[in-house]
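Engineer: Below, each chain spelled out in residue letters.
Number of protein chains: 2
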Amino acid sequence: MIVALAGGVGGAKLVDGLASLLAPSQLLAVVNTGDDFEHLGFHISPDIDTIMYTLGGRANPKTGWGLAGETWNFMEALGRLGGETWFRLGDKDLATHVRRTAMLQAGTSLTDVTAALCRVMCIGHGVAPMSDDKVRTLVDTDIGELAFQDYFVRHRCKPVLRGLRYDGADKAQISPRVLKALDDPQLSAVVICPSNPYLSIAPILAIPGMRERLQSLPVPVIAVSPILGGQAVKGPTAKIMRELGLEVSALEVARHYHGLVDGFILDEQDAALEPAVAELGMATLVTPTLMNTNADRIDLAHEVRGFAERMKAGIES
Amino acid sequence: MIVALAGGVGGAKLVDGLASLLAPSQLLAVVNTGDDFEHLGFHISPDIDTIMYTLGGRANPKTGWGLAGETWNFMEALGRLGGETWFRLGDKDLATHVRRTAMLQAGTSLTDVTAALCRVMCIGHGVAPMSDDKVRTLVDTDIGELAFQDYFVRHRCKPVLRGLRYDGADKAQISPRVLKALDDPQLSAVVICPSNPYLSIAPILAIPGMRERLQSLPVPVIAVSPILGGQAVKGPTAKIMRELGLEVSALEVARHYHGLVDGFILDEQDAALEPAVAELGMATLVTPTLMNTNADRIDLAHEVRGFAERMKAGIES
Numbered sequence: 001m002i003v004a005l006a007g008g009v010g011g012a013k014l015v016d017g018l019a020s021l022l023a024p025s026q027l028l029a030v031v032n033t034g035d036d037f038e039h040l041g042f043h044i045s046p047d048i049d050t051i052m053y054t055l056g057g058r059a060n061p062k063t064g065w066g067l068a069g070e071t072w073n074f075m076e077a078l079g080r081l082g083g084e085t086w087f088r089l090g091d092k093d094l095a096t097h098v099r100r101t102a103m104l105q106a107g108t109s110l111t112d113v114t115a116a117l118c119r120v121m122c123i124g125h126g127v128a129p130m131s132d133d134k135v136r137t138l139v140d141t142d143i144g145e146l147a148f149q150d151y152f153v154r155h156r157c158k159p160v161l162r163g164l165r166y167d168g169a170d171k172a173q174i175s176p177r178v179l180k181a182l183d184d185p186q187l188s189a190v191v192i193c194p195s196n197p198y199l200s201i202a203p204i205l206a207i208p209g210m211r212e213r214l215q216s217l218p219v220p221v222i223a224v225s226p227i228l229g230g231q232a233v234k235g236p237t238a239k240i241m242r243e244l245g246l247e248v249s250a251l252e253v254a255r256h257y258h259g260l261v262d263g264f265i266l267d268e269q270d271a272a273l274e275p276a277v278a279e280l281g282m283a284t285l286v287t288p289t290l291m292n293t294n295a296d297r298i299d300l301a302h303e304v305r306g307f308a309e310r311m312k313a314g315i316e317s
Numbered sequence: 001m002i003v004a005l006a007g008g009v010g011g012a013k014l015v016d017g018l019a020s021l022l023a024p025s026q027l028l029a030v031v032n033t034g035d036d037f038e039h040l041g042f043h044i045s046p047d048i049d050t051i052m053y054t055l056g057g058r059a060n061p062k063t064g065w066g067l068a069g070e071t072w073n074f075m076e077a078l079g080r081l082g083g084e085t086w087f088r089l090g091d092k093d094l095a096t097h098v099r100r101t102a103m104l105q106a107g108t109s110l111t112d113v114t115a116a117l118c119r120v121m122c123i124g125h126g127v128a129p130m131s132d133d134k135v136r137t138l139v140d141t142d143i144g145e146l147a148f149q150d151y152f153v154r155h156r157c158k159p160v161l162r163g164l165r166y167d168g169a170d171k172a173q174i175s176p177r178v179l180k181a182l183d184d185p186q187l188s189a190v191v192i193c194p195s196n197p198y199l200s201i202a203p204i205l206a207i208p209g210m211r212e213r214l215q216s217l218p219v220p221v222i223a224v225s226p227i228l229g230g231q232a233v234k235g236p237t238a239k240i241m242r243e244l245g246l247e248v249s250a251l252e253v254a255r256h257y258h259g260l261v262d263g264f265i266l267d268e269q270d271a272a273l274e275p276a277v278a279e280l281g282m283a284t285l286v287t288p289t290l291m292n293t294n295a296d297r298i299d300l301a302h303e304v305r306g307f308a309e310r311m312k313a314g315i316e317s
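From first to last, the protein sequence lines stand for chains A and B. Read in this note's numbering, the first sequence has 205 at position 205, and its numbers run on one by one without any break. Read in this note's numbering, the second sequence has 76 at position 76, and its numbers run on one by one without any break.
Everything labelled a hint here was simulated from the structure, so no lab data went into it. Just so we're clear, the structure is a prediction, and the values are computed from it rather than from any experiment. Virtual Cβ for every residue (Gly too), placed ideally from N, Cα, C. Do not take every clue at face value.
As the list claims (entries may be wrong) - The following residues of chain A were derived to be distant from chain B, with all beta-carbon distances above 10 Å: (1) LEU214; (2) GLY281; (3) ILE315.
What the hints assert, rightly or not - Sample of chain B residues at the chain A side, in silico, Cβ under 8 Å: (4) LYS92; (5) LEU94; (6) THR101; (7) ALA102; (8) ALA106; (9) VAL233; (10) ILE315.
Claimed, not checked - Stretch by stretch, here's where chain B covers chain A in the computed footprint (C-beta under 8 Å, at least three residues): (11) 77-89; (12) 96-104.
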């Protein structure tokens with residue numbers, strides 16, 4: 001059984017690849033909810049939705065987020081009424097937010113809401129929020145502190161990032177479903193997906209006890225670098241690293257995960273960095289990590305699983 | 001200036017006819033909110049929406065309610081997620097509910113929300129809820145007491161009606177905009193539209209002080225019969241009258257409004273009932289009242305206005 005820590009699009013692709021290889025009970029995606037926000041009366045969980053839509057085979061293949069064949073009549077009508085349209089909500093996508101919000105308001109936990117949504121979307125593999133408690137990523141920038149979606153969507157990541165905090169994380173508890181999976185004797189590896197380390201993975205690791213639990217696991221913790229050849233595949237990872245004064249490289253990501261991660265996967269084009277990563281005390285694997293096609297996702301998932309198995313055998317021997 | 005008390009489709013048609021004759025400042029529609037309900041997290045005001053969409057020229061001409069050119073992608077997606085779909089919410093219509101709900105939650109009164117929605121829909125004539133307070137029509141039936149939309153939409157008015165109550169009406173206050181209009185020295189008539197007397201008009205009259213205010217006005221109060229030739233044009237008015245043990249006739253409607261209404265308008269086919277209505281002490285007008293076309297709406301509005309002017313001249317002379 002594999003637990004995969006994931007954020008949005010990049011994480012969803014690897015989770016989807018792993019889902020192709022593993023039985024439903026053998027995979028739990030632990031999803032960042034630092035991006036969640038309340039908007040127009042809805043509780044929106046962008047990363048959970050991206051993972052669910054991807055696993056359900058319903059994601060928009062062009063954007064990676066949102067639904068395929070989406071329509072925008074609600075959004076257009078709302079715009080005509082003077083409502084806020086900077087966060088694009090499709091007509092079909094809206095049903096997810098309405099359903100989630102109603103269930104949360106009825107007192108159901110986000111963990112159980114997510115499980116219920118997965119059931120009706122015929123998603124067998126596990127998807128759980130990192131926590132049922134409210135954690136909100138706040139971005140300190142040159143124009144002031146911004147709520148995550150304000151920074152990410154409304155301002156398109158243009159403000160210069162000075163720092164990040166994960167408001168509420170210090171009081172949040174790990175989702176019971178995640179705790180159970182991490183305690184499961186069947187667990188064979190934890191995979192940190194190639195998601196943004198600062199925006200997507202850091203909120204998960206900020207929950208009290210999460211980092212310590214991962215460090216004390218008797219199974220390998222493996223990260224896949226989201227930086228390839230000094231660039232991010234998608235999103236603001238490279239920009240953020242520069243603004244934080246960091247070198248934009250897979251090695252820097254490995255350094256970021258130092259002390260937590262036992263194995264690190266680098267893209268082929270970063271093969272030259274392998275010795276430096278190994279010097280950090282990590283096992284390494286160099287393999288193609290770009291996931292343009294469904295086959296790429298499955299290939300990378302194969303590599304990740306094989307690496308984990310070899311590492312686990314090494315740990316146990 | 002005319003104040004028109006109105007419910008849904010029938011009321012909306014006469015209000016629309018009056019709007020064709022009168023300047024924006026000369027008409028205020030006072031709309032039933034006993035049908036309002038909270039559903040899927042939204043505050044839905046069906047009668048206000050029907051009036052606004054009709055005045056805005058955006059109503060679905062086939063149903064009389066909802067929007068022309070509506071799409072149903074949200075509703076279909078919600079159904080797939082196991083959400084409630086018995087109350088049909090179109091993608092475009094949803095924007096109205098989202099906007100209204102957000103404004104109400106921000107503390108804006110329903111009167112001000114309605115005015116704001118009218119502004120963005122370019123509706124110049126006045127539309128106001130009967131009250132900013134919560135009034136909910138409850139229907140006592142052979143299968144128990146039902147919330148109005150449960151009775152009306154989910155059960156399609158099939159249960160036998162035994163009685164009605166307007167929960168909250170005793171503590172509700174008349175909307176300040178309605179009070180202002182009723183006190184306006186420019187007021188020349190109050191028109192009770194051909195809406196359901198029990199479901200649409202009665203909740204308005206149930207608000208403390210409303211009936212007394214109308215009775216003490218120095219201008220005529222005129223009702224248009226929603227019953228023509230012993231039948232209702234649309235909706236359950238006739239069925240409800242039968243179940244309440246009443247004769248299904250325009251005369252019975254006139255009796256219902258006795259003591260409140262000074263003038264009563266009957267359809268041509270009910271000309272034989274005119275003497276009996278006149279015996280109740282009401283001025284009468286017999287005219288075509290069926291509003292199939294836009295021209296019919298304007299014609300009836302002309303008749304209503306002329307009748308009101310003649311009555312007012314009579315009152316003043």
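Engineer: With reference to the structure, classify each hint as holding or not holding.
Structural biologist: Okay, the hints, checked on the actual structure:
1. Every C-beta of chain B lies more than 10 Å from that of A:LEU214, the closest at about 33 Å, which supports listing it as non-interface.
2. Distance to chain B confirms A:GLY281 as a non-interface residue, since its nearest Cβ pair spans about 46 Å, more than 10 Å.
3. A:ILE315, annotated as away from the interface, keeps every beta carbon of chain B farther than 10 Å; the closest lies near 42 Å.
4. Interface hint status for B:LYS92: upheld, as the beta-carbon distance to the closest one in chain A is roughly 4 Å, under 8 Å.
5. The closest approach between the C-beta of B:LEU94 and any C-beta of chain A is roughly 5 Å, which is under the 8 Å cut-off, so the hint is satisfied.
6. Restraint check, B:THR101 versus chain A: the minimum CB separation of about 5 Å is within 8 Å; hint holds.
7. Taking 8 Å as the C-beta cut-off, the interface hint given for B:ALA102 holds, the closest approach to chain A being about 6 Å.
8. With a least beta-carbon distance of about 10 Å to chain A, the hint placing B:ALA106 at the interface is violated under the 8 Å criterion.
9. Given the 8 Å rule on beta carbons, the hint for B:VAL233 is violated: about 29 Å separates it from the nearest Cβ of chain A.
10. The beta carbon of B:ILE315 is not positioned within 8 Å of any beta carbon in chain A (closest approach about 42 Å), and the interface hint is therefore violated.
11. A stretch counts as covered by a chain when three or more of its residues have a beta carbon under 8 Å from one of that chain; for the segment 77-89 of chain A and chain B the count is 6, and the coverage holds.
12. With a threshold of 8 Å between beta carbons, the proposed coverage of the segment 96-104 of chain A by chain B holds, since 5 of its residues qualify and at least three are required.
The structure does not agree with the numbered hints 8, 9 and 10 stated previously, though it agrees with the rest.
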